[in-house]
Amino acid sequence: MKDSSIRVLLAKPGLDSHESGIKMIAAGLRDAGMEVIYLGVFQSSESIVSTALEEDVDVIGLSYLSGGHQGLTAELMEALKDAGLAHVNVICGGIIPDDDHAGLKAIGVKGVYGPGTPMAEVAEEIESFMRGAK
Amino acid sequence: MEDEQARSASGVPLKAFYQRADVKSEQLEVPGQADFTRGIFAEGYRRQAWMESLACGYGLPEETNERIRYLASVGQAGYGGRMSINLVFDRPTFCGLDSDHPMASNEVGNVGVAIDCLDDMARLFDGFDLAQLNAGFIADRSGPFLMAMYIALADKRGVAREQLRGIVCNNPLTDFFCSKTPMFPPGESLRLMIDCVEFCNAETPRFNTIRINGYNTRELGASALQEVGFNLAIAKAIIAAAAARGLDLNKFVAGINFQFSQGRDFFEDICKIRAARRMWSRMLEEKFAIADEAARRMKIHMQTAGSTLTAQEPLNNIARIGLQVLSGALAGSQSMHIASYDEALGIPTEEAVRTAIKTSKIVMHETGIDKVADPLGGSYYVEALTDELESRINTVVAEVEAEGGVIAALESGYFEQQIANTAYLAQSEVERGERIVVGVNAYREDGDLGINEIFRPNPKAATTAVERIKGLKASRDAAAATAAIDAIKAAAAGGGAMMPRYVEAAKANVTLGEMIDAVEAVTGNFNYAAITANIS
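From first to last, the protein sequence lines stand for chains S and A. Going by my numbering, 111 is the number at position 111 of the first sequence; the sequence numbering is gapless. Going by my numbering, 519 is the number at position 519 of the second sequence; the sequence numbering is gapless.
Just to be clear, a hint being listed does not mean it is correct.
[As the list claims (entries may be wrong)] Label pairs and their in silico Cβ distance ranges:
no.: 1; chain 1: S; residue 1: S5; chain 2: A; residue 2: Y443; range: 56 to 64 angstroms
no.: 2; chain 1: S; residue 1: G108; chain 2: A; residue 2: R245; range: 49 to 57 angstroms
no.: 3; chain 1: A; residue 1: G11; chain 2: S; residue 2: P118; range: 19 to 27 angstroms
These aren't lab readings, by the way, just hints derived from the structure by calculation. C-beta atoms are modelled at their ideal positions from N, C-alpha and C, and glycine is treated no differently.
The shape of chain S in the complex, shown without the other chains:
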């Protein structure tokens, strides 16, 4: 049985290891009452998809600070579709140029959050699109 709290999977795809930000988000979303699973650095699409399946998550949050966001997110979105997880909400954060936000949203990313975004704002956005989905 799934309880009522929002389940969030956080991960760092690829080789980027800047994880201060995503750990902050993990703690912030837990404080906001969400169930957070943080997979850590060096994740592949396969490891993210298989955890998303096992843990039945509502949201996947990806963090990028080393410029791999376009290719790596596109790979993951395809892998999610193939696994029947197209309904899972994907968000991205980190250092992602403004010009790239539209491209990420075009492949289905729900939100892109830059440096300095308050933790509460990320939590509120997740809650709002989860309400919209229900």
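Put chain A on the given structure of chain S with help from the hints.
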């Protein structure tokens, strides 16, 4: 009125003002005298200006070569008229993966230069006289391998090894928790790093061979106390391992360089450096019986704190960076990475790095800092804070010892946990508005005040790099390459010297990834990230 809430960034309670009675230590020493609280040279910057060594690298080696020339053309200077080159590598190279590795495909050249083999090293240094450089290799696990490629390049060009100057970072111990790079196991990492030092002390005696990276520790969210304390404990463990191998410690410690951050708290960041120099000198004398005062000078590379820069109103970062260069200079740093105002957005543009270099020049020539050493010496506040930080840093070092020492602390995730606790508290202070970040949690502007131009590395870098590896492997002497790889494995298994094998392998066109795989086949690897993923 004394504000009871006033504390330094790392939590030291602060008085409203300081006076003579607050200063505990007797200020008998002068700059240039042990224990070097006041700096390592009596002449300060009259002796020589700080070296500007901006971490630089992106795309293919020839593209980074162009950026290095640009930096020199706008004034970036090494020591004694040498050219300064401080290389940052892309994530695959830093982790020890070739550009054709499946995990590398989206990340070749994104945030550093891609180096796979000796040919790439030749492209990177094309047109530069290796005898006239200060060359920095910002790489830890892959540091010794890249250094071996550099030595191989010098051999090939007929440049004497002893003429090479610069630094190879080569400190996987700090890197375990700072960048979670895939690693050899901790004990093996320590052996391989010391192997590199031993070889370089003999072959390239003017090259610094270890950089103890307090900066990355701080950027992860550590306090100034943890930044200095954890890294002094790590340095101590490294020296103890070198002593156990019977190395000449006077030479060994002279090749160690420290990197610290400037920017979280102007005065505290100055005082922590003064405390660190004093503690280093005393530790070397008391624990390791290093009598030669000159060997006890702590050499410091300062980096302006990237994490203080904001994506909001990026031009405000120029003011932040200017103050950070000033605090680094007031602290008596030997070299500096000066960040660019667009660092929170990506790789800097030419305009942004030019402004960074000019910021350094303005502090150097327009403040008077180049005329008198340690201008803050004797300030009641600065001396009292230096003493207080020293005492608190000593406690941090003792806590690491109580955990069973550095290797045990790495294996248990201790450093990670301690830093995560500190980072979360600091972030909460910003979110609650207790610590003001201009333009972020106070004085915010509506609307887009960003900058228009963002630098994008060459998107075709990966394709070119992969083609080059394919071409290299097809054209090299396959038997020689295999023999060089086998020699690395044999040395790793037999406990023999590794660096000469890497140099030979580089000359046989063995790639970085192949060399690291050869070592890992013997030592195994260590997934530090898995230990710490759930620490937050």
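Tested hints:
For S5/S paired with Y443/A, a C-beta distance near 36 angstroms fails the hint of 56 to 64 angstroms. As the Cβ distance of G108/S to R245/A is approximately 55 angstroms, the hint placing it in 49 to 57 angstroms holds. Between G11/A and P118/S the Cβ separation comes to about 23 angstroms, which falls inside the hinted range of 19 to 27 angstroms.
Hint 1 from the earlier list is the only one contradicted by this structure; the remaining hints agree with it.
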